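Asks: In case you want the letters, here they are:
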Amino acid sequence: MAESILSLSGVRADIDQYHILHGVDLEVPAGELTVLLGRNGAGKSTTLRTIMGLTTITGGKVRFRGEDITGQPTPRIARKGIAFVPEDMGIFSLLTVRENMVLAAVNGPLDRARLDWVFDLFPPLKKFWDRPAGNLSGGQKQMLAIARAIIEPRELLLVDEPTKGLAPAIINDLAGAFEQLKQQQVTVLLVEQNFNFSRRLGQSAAVMNDGGVVWSGQMTELADNDDLQHELLGLGLGEHQ
Amino acid sequence: MFNRILSGDYPRSRALSALLVLIGVCLALGPFLFPGVRAFSMLGMICVFIIVVASYDLMLGYTHIVSFAHTMFFGIGAYGVAMSTDAFGSGFGAVFIGIGGAVVMSILLSLLLGLLSLRVKAIFFALVTLAVAFAFLSLVTQLYNITGGEDGLAVRSPRELGPAFRPLDSSLPGFSVVDFITGLVGQGSIGQAFNDAVFEVRVSGRHLMYYITFAISLGVFLFLLRMVNSPFGRVLQAIRENEFRAQALGYRTVFYRTAAVIVSAVLATLAGVLFALINRYVNPENTLNFELMVFILLMCVIGGMGTLYGAVVGTAVFLLAQNYLQDLLGLLVSNAEPGSLFAELAGPDRWLLWFGLLFVLSVYFFPAGIVGQLRLWAERRRERKADKTPAASPLKQES
Amino acid sequence: MSAHDEMIGQATPPQGVLARFAAFRENKPHIFLLLLMMAVALLMMDPRTWVLLTISGLAMGAMVFLMASGMTLTFGLMNVLNLAHGAFISLGAFAGASVLLWLSSQASEPSLLINLAAILPALGFALVVAGLLGLVFERLVIKPVYGDHLKQILVTVGGSIIIMELIHVVWGPNEIPVPRPEALTGAFLLPDALPVIGGVALEKYRLIAVVLGLAIYGLMTWIIERTRVGILIRAGVESREMVEVQGYRIRLLFLGVFVAGSALAGLGGAMWAMYREIITAHMGDELMISVIVVIILGGLGSIKGCFYGAVLVGLINLYVGYLEPRLAAVATVGLMVGVLMWRPQGLIPVIKV
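Protein chains in written order, with the numbering used here: chain A, 509 to 749; chain B, -9 to 389; chain C, 4 to 356.
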């Protein structure tokens, strides 16, 4: 297993007065796609948000590339090279696709070459370049959300349930995009409920329950073990979500 | 017995109880403890504004509804009485016609405001009430023929409530505590100081009016205390904490909020009526002014939002400060050069500057207000005492 | 690929006059209301008075727009309710007036060029003073109470009192007359030859106010629509959190917007000072009512809504002020209540409140 680019140790986090995370230990290997699995309410989204600095950390440490980023303000964490695609996609619906992308290019004007690559991955974005992002379909919005995260080279991508509510054809396109990212050695921490999608892309996996990580290891270990899946996720391979 | 009167809502702080008793005694025996017109008029104002501020606390402290239209309802009550005695003479009948008309108008307007809050979110509501109150003020100021415009109206209160009426033939004795103490300090002889402190009180209709006001003020306060500790009051507090959850629990929050606004408005109107009868003169500045609205806000917050006792303490403290702080500042600059920066900053006209500063600082550092802070200290003292007892309670094991 | 290539929200245009009218009323309520108001007013007075009042109303609208634009952006972007905004207006008026009075020799010359040597520093000083106060105010007073609307109301009301009292300390408690610069007094006469409106006198200052207001509206719209900062502001109005996730320090943007808004308020105050030619510390309070009506009417966070709202408020003030002066304030507030009933979010809503 590769070296960890991101590590969480004993992380506790609150949202308002609710304790959501009760000591999360997680190692995310560099250059791989790690899937974070678990039932609803296990704390997966909160873990991503906590890494990003969007929740109140009450204990533990978050380290990125060896540097302690616990409790730092969100913009600073983002600038260190972490991109976040939230569950609700977080696109600015009143802005055009172009404006969304311009904003995402934090370090200057849009890189033509990279933009072409993004258009290759997600053609609708080029087609609806000057239209308000709110007018896009669900799948197109998801493409935009991911495109924003990759328009500038980032070392770590945090993605929260990208396939939620999408048609299989689009899920396929997304999988293709993630494959390309893997080839580029981008580290991805992916929260997913769709086990097939996870199995296809994931190299490492971790399972959460009740605000903590209860299992972590290689994806193949989990994928080949029906009993383990039942125990951790309450389903078997091939079962519909 | 106290439990029923106070509806189970105790001061919960010895210091606060002492303060309230002090204020209560001063108000109850006021005309016989503090000589002079200025003191008498201030006592009346404190009683009137306790009603105003307590009813405002119902909205602000217990339901977190910010409204800037409270002075509007106060003014409706005051002008109602003023206009009806102007039109129908100085009998009690005219007074009650005025009260009736004012209350009806207040109910209608507060209903409108309550319904408006349906359409707009809370933060809009505050601004909308500000605009509506301003429109009302402008209307009153403009309709010179009916309301006397900026000159205002003199209130022809009934003879029995005025200075000419004498219910008692002889006068009653009064004893000025302040004069007694200053006499003691100055001269040292108890007998002499005692004699200086005694003064004559010629009981008139004005005293009658004062005690009517005092009684109503006390009654309204206890009524509000009962209301906020009733099921209705608990729903208001639930709305304050989390309206969405209150709705999810099945409460039609719009009804409750509107009810709070209406009750608050009617009580303010009542206070306006008393103000008109006591002050015997109403004009836009002393009833509808935005500055007055800010004062009400100040009194409520400084006293302590959401406590009702805060209204009593805040009103007393504020009105005393308003009256006597200016004297204090005047003393401070009496030796300073006129026109110098010090004189400008600390002059008696600038009392509002310092009060405003104190207000802002208190919002940051003492957001609970005087009452809230006293209760907090009392609670901490109780906790420290509980820690010292040998038998540890089972709750203490969790940390 | 084409199956999921469609965009949502592409309706066919309505057919028929009635349907198009209803669509116009729905899609462009601001223009609809504006035309309606102007038409009704025209029916109630003779055309010459109408022209005069409309120009005056537009002038007032332009100045109120300056004052209100800062507040709507602050509220829309930062979700901060600053009730001390009126005090910034007053401060700008006093600062500008001071410079103007100090340079009164230049101001009293008939030449416009020489006047500008007094006007521009006055306006500039008003901008700078109000902006600086905005900076201090945001850091000191507002920052500790982000997210708490109740506390914001309380501290900004208190702050407003303090600022106005300080104005009294510095400039004294009395009202101060502000003579208008010489070249801006008087009026242009429309040529007699024009039908209906020939010979009408258009006050110079009012025309200048309208031009300035339009210019600043144009500038603000350009910034918001075309520059990166504008994109950032519009994004921030939608979601502060996501802007931070992208890596932008939105707190700095907040500060910038607040300072700009305060500066504009000061500018509006200074312009109002030369319009009314007299200033008091509490003028900001009275103007705040108009500002509040404008931002609620127009829709929070929307510059376009603010502009149209200000124009509507200016016009209704002048029209009703002529027809029934005692009801001018009531009519303005009544307009707000009426629009709220029709459109609870305002005419051109940007954010969901």
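Since the hints were derived computationally from the structure, they do not count as laboratory data. Keep in mind that this is a model prediction, so the values were computed, not measured. Possibly wrong hints are sitting among the right ones.
As the list claims (entries may be wrong) - Okay, the calculated bits of chain B under chain C, using three or more residues with CB under 8 Å as the criterion: (1) 17 to 31; (2) 105 to 116; (3) 278 to 287; (4) 332 to 344; (5) 350 to 358.
As the list claims (entries may be wrong) - Subject to a maximum C-alpha distance of 25 Å in a straight line, what follows is the list of computed BS3-like cross-link-like pairs (lysine-lysine): (6) B/111 x C/207; (7) A/690 x A/672; (8) B/375 x C/154; (9) A/672 x A/588; (10) C/31 x B/111; (11) B/111 x C/307.
Said to hold, decoys possible - Some chain C residues near chain B, calculated using beta-carbon distances under 8 Å: (12) 165; (13) 281; (14) 333.
All C-beta atoms in this analysis are idealised placements derived from N, C-alpha and C, irrespective of residue type, glycine included.
Asks: Determine for every hint whether it applies to the structure shown.
Replies: Quick rundown of the hints versus the structure:
Restraint check on the stretch 17 to 31 of chain B versus chain C: 0 residues with Cβ-Cβ distances below 8 Å, three needed, restraint violated. Only when three residues or more bring their CB closer than 8 Å to a CB of chain C does the claim for the stretch 105 to 116 of chain B stand; here the count is 8, and the claim holds. Figure legend: the stretch 278 to 287 of chain B, annotated as covered by chain C; annotation consistent (3 residues with Cβ-Cβ distances under 8 Å, at least 3 required). By the rule of at least three residues with a Cβ nearer than 8 Å to a Cβ of chain C, the coverage given for the stretch 332 to 344 of chain B holds, with 6 such residues.
Counting residues of the stretch 350 to 358 of chain B whose beta-carbon sits less than 8 Å from any beta-carbon of chain C gives 4, enough to reach three: the coverage restraint holds. At roughly 42 Å between alpha-carbon atoms, residue 111 of chain B and residue 207 of chain C are farther apart than 25 Å, so this suggested pair is violated. In summary, the hint linking residue 690 of chain A to residue 672 of chain A is supported, as the alpha carbons are separated by about 21 Å, within the 25 Å threshold. Distance hint between residue 375 of chain B and residue 154 of chain C is unfulfilled; the C-alpha atoms sit about 34 Å from each other, more than 25 Å.
For a cut-off of 25 Å, the pair hint linking residue 672 of chain A to residue 588 of chain A is broken: about 28 Å separates their Cα positions. Between residue 31 of chain C and residue 111 of chain B the CA atoms are separated by roughly 23 Å; this keeps the pair inside 25 Å, and the hint holds. Restraint check for residue 111 of chain B and residue 307 of chain C: satisfied, since their Cα atoms lie roughly 22 Å apart, inside the 25 Å limit. Contact between residue 165 of chain C and chain B, as hinted, is supported at the beta carbon level, the nearest pair being about 4 Å apart and thus within 8 Å.
The criterion of a C-beta within 8 Å of any C-beta in chain B is not met by residue 281 of chain C, whose closest approach is roughly 18 Å, and the hint is violated. Because the closest C-beta pair between residue 333 of chain C and chain B is about 5 Å apart, less than 8 Å, the hint holds.
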